[in-house]
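Peer 1: Turn these sequences into a full structure, and let the hints guide you.
Order-wise, the sequence lines are chains A and B.
So the first sequence is numbered by this note's numbering: it starts at 354 and just counts up by one.
So the second sequence is numbered by this note's numbering: it starts at 1415 and just counts up by one.
Hints were generated in silico from the structure; no laboratory data involved.
Check the hints yourself; a few may be wrong.
Straight-line Cα separation of at most 27 Å, DSSO-like style, residue types lysine-lysine; simulated pairs [as the list claims (entries may be wrong)]:
1. A:Lys452 - A:Lys389
2. A:Lys463 - A:Lys389
3. A:Lys452 - B:Lys1931
4. A:Lys504 - A:Lys440
5. A:Lys389 - A:Lys414
6. A:Lys463 - B:Lys1955
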Amino acid sequence: MVRYLVSFGLFAILVALLAVGLGHDPRRIPSPLIGKPAPQFSLPELAHPERTLSRKDLLGKVTLFNVWASWCVSCRDEMRVLDALAKSGVVPIYGLNYKDHRTAALEWLKAFGNPYVVNAFDQAGRVAINWGVYGVPETFVVDAKGIIRYKQIGPITPYALNRKILPLVRRLQEEARR
Amino acid sequence: MIPEVGQFALMLALGLALVQATLPLLGAWRGVPEWIAVARPAARAQSLFVLLALLCLTYAFLTNDFSVAYVAENSNTALPWFYRIGAVWGAHEGSLLLWASILSVWTLVVTFRSRSLPPDFTARVLGVMGWVSVGFLLFMLIASNPFTRMFPVPLNGRDLNPLLQNPGLVLHPPLLYMGYVGFVVPFAFAISALLDGRLDAAWARWSRPWTTAAWLFLTLGIAVGSWWSYSVLGWGGWWFWDPVENASFMPWLVGTALIHSLAVTDKRGAFKSWTVLLAIFAFSLSLLGTFLVRSGVLVSVHAFATDPRRGIFILMFLAVVVGLSLLLYAWRAPTVKGGGNFHVLSRETLLLVNNVLLISAAFAVLLGTLYPLILEGMAVGKISVGPPYFNTVFVPLTLPIVFLAAIGAGVRWKQQKLRPLLRYLWPPFVVCLAAGIGFSIWYTGEVRALVIVAVVSAFWVMLLSARDIWGRIRRNLAGANRWYRVPRHVLGMTLAHFGLGVFVLGVTLAGTGSMEKDVNMAPGDSVSLAGYTFRFEGVTKLRGPNYTATQGAVSVSRDGHRVALLHPQKRVYIVQTSPMTEAGIQSGLFRDLYVSLGDPTGGGAWAMRIYYKPMVRWIWLGALFMALGGLVAALDRRYRLTVARGAAPAPRTPVPPAHPVPVSPGNP
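Peer 2: Below, the structure is given as structure tokens:
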């Protein structure tokens, strides 16, 4: 009899597992990097290949680190929000141009606006891998000590900006001042 | 008015399903012929009302009745009529109605094709199917009603998901569900046999054509789905190990094991309780697949509807149906006596190995599919398991199956002497080995062990299948039979095994021989790939019924002769404004030329992806052979004759009488 109950036992475990799984939000992809120091990088700048941008440049202030590409359609949607944010001057936006062609990326910035303080050019996508990028666009909130505090997957909507990102940025700026 | 009719039909169907699920089972238990007699009419009426509901929903789609919320969300006046029919099952609620409708189709067929079965057995079968129907109808009426009205009525609908606007969509879900849901029949047979306590060889014989029929639809459904993703998704791939693909593939693997195990139980009376368990597994995996897709517990391109309430309902339903079945199994199966003995070298042993391998493969797929959930359940984080895992685990498990499939058909039941078997096998083996090694090295230009093993196995199963049929024809020519008189179940099996070889060859050669290039081309530019020259002629604007498209023209030539003009498109659907790629494909038996249009890169130039895919059609051709084999086998007269003989034992085989006294003492 016990031998024949094995499959029932396995099935019960499966059901328990699925029940736990149902409680999770399938759209939430927690980043293991949140709360950890941002990964080191050093890349040529997009507009000026002779200069480099590295992790050091992000330190000392709260920053947004936005991963984008000229071939990415939803990055275009995000641009309006980012532009408005850049004009408000609340927080500097650094860009990571991901697996792109330099000319295409520069033309794209001309056409759709350039909210970035400066862009790093990650043609091979290596740095993006270290940052745990799933796809573009993604945006990281990095605090003054260089620790990743939040990750937005997909374009930044006005809702996400006002409800999550801006409050967090203000709190982090408070913390940095203290 | 019509949607209300549909709604009412669903409610009536639920009531009738409750009758169908209770009275016949009680009648069979208590031995009340009047209650047993309720089974057929109740099942038929229930099925007809569900089908009426499906018709009502289809009518609402065809007449653009946007007061029905489901129609408004998934259709549009500009949507062509055939996609409006496809849109009926294009989202959550309609998929469920399709599920229930196909269950009704199977129920109807069972009521008509079961006249010669013992009435109490049929009553139990229909009762079990009734419970499944109750579950799905309740689910629809409580949490996923397709007929919910919406006020104010929108002027136009939000249109069907553009990904689904493809001829493949009209076909894929019904075929797939015919397979998925079809496993309810062997499941109901197995449960009835367990309830009955008569776990003999008879139920196995009755289940065989049903299992094969469900399996052939599932094979076709999976093949159409794979072909659809190949032509629509624009990545040139034909299988992605997506959770939803896996959800349909697991029942296929277990169903294949079930077909083989049923053969042993039918002919030799062995593996009885194992076969019952497989029948339960096959249907449980179909339900699990429905759960995975419909609850959105795993994110995938297919999970359109995610509502936790729905997930909980299906999970509870799954737990009740499968849990009760497994408990019933644990209660009844220990009383079953083992069947006929067999020698180490016999067809039984080979089929046992086949079962072990297929089930292990299904388990590997299950593990890979649920792995992200397991990790999340242990709070490790979110990780998904990709094709590398599946390819590493799956290929070594399945290649031996291909190799053994060729041998199995030629090995005797019970005991096979080794020497004559080897004498029969060595000449073709040497031929296949030589041809396979030679061909793979010529084809890939290098020595790759896995490719060689795969090609040799494919040649092996194809050659032995052909030889098997040829041997039978030759014996017929020599004897009194007409030459083409080959028993259908043998012919079917051989066709399916041959198809397996075709499939493996396609997968291997398409996988190793494919070439691709990402290019940026301005009009007039050419690029060459695999001996073909692709020249970009420019783009034109097009207007479809509900989209605008940019259509590229790419002419392909070889040695100066033009071989194809490809028209890859990039569509923007007007309502949902999402861009869609439609690859330009020229297909041939030995190679596909495939171009998919990317984004404009300025100055009239476009990013493009160009593929040369040899032998890719063989993948689906193999599946077609398998399905055709299933069709031929399911139509074997042998099953009809046995059924016609009803309860009488089959004299030819040494199986125990079809209906001895109940085995279980617990049966009243």
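Peer 1: Now, for every hint given, state plainly whether the structure supports it.
Peer 2: Each hint tested on the structure:
1. A:Lys452 - A:Lys389: Distance of about 25 Å is within 27 Å: holds.
2. A:Lys463 - A:Lys389: violated, 34 Å
3. A:Lys452 - B:Lys1931: Holds, because 16 Å separates the two Cα atoms, which is no more than 27 Å.
4. A:Lys504 - A:Lys440: holds, 22 Å
5. A:Lys389 - A:Lys414: holds, 16 Å
6. A:Lys463 - B:Lys1955: The given pair, whose Cα atoms are some 26 Å apart, holds under the 27 Å limit.
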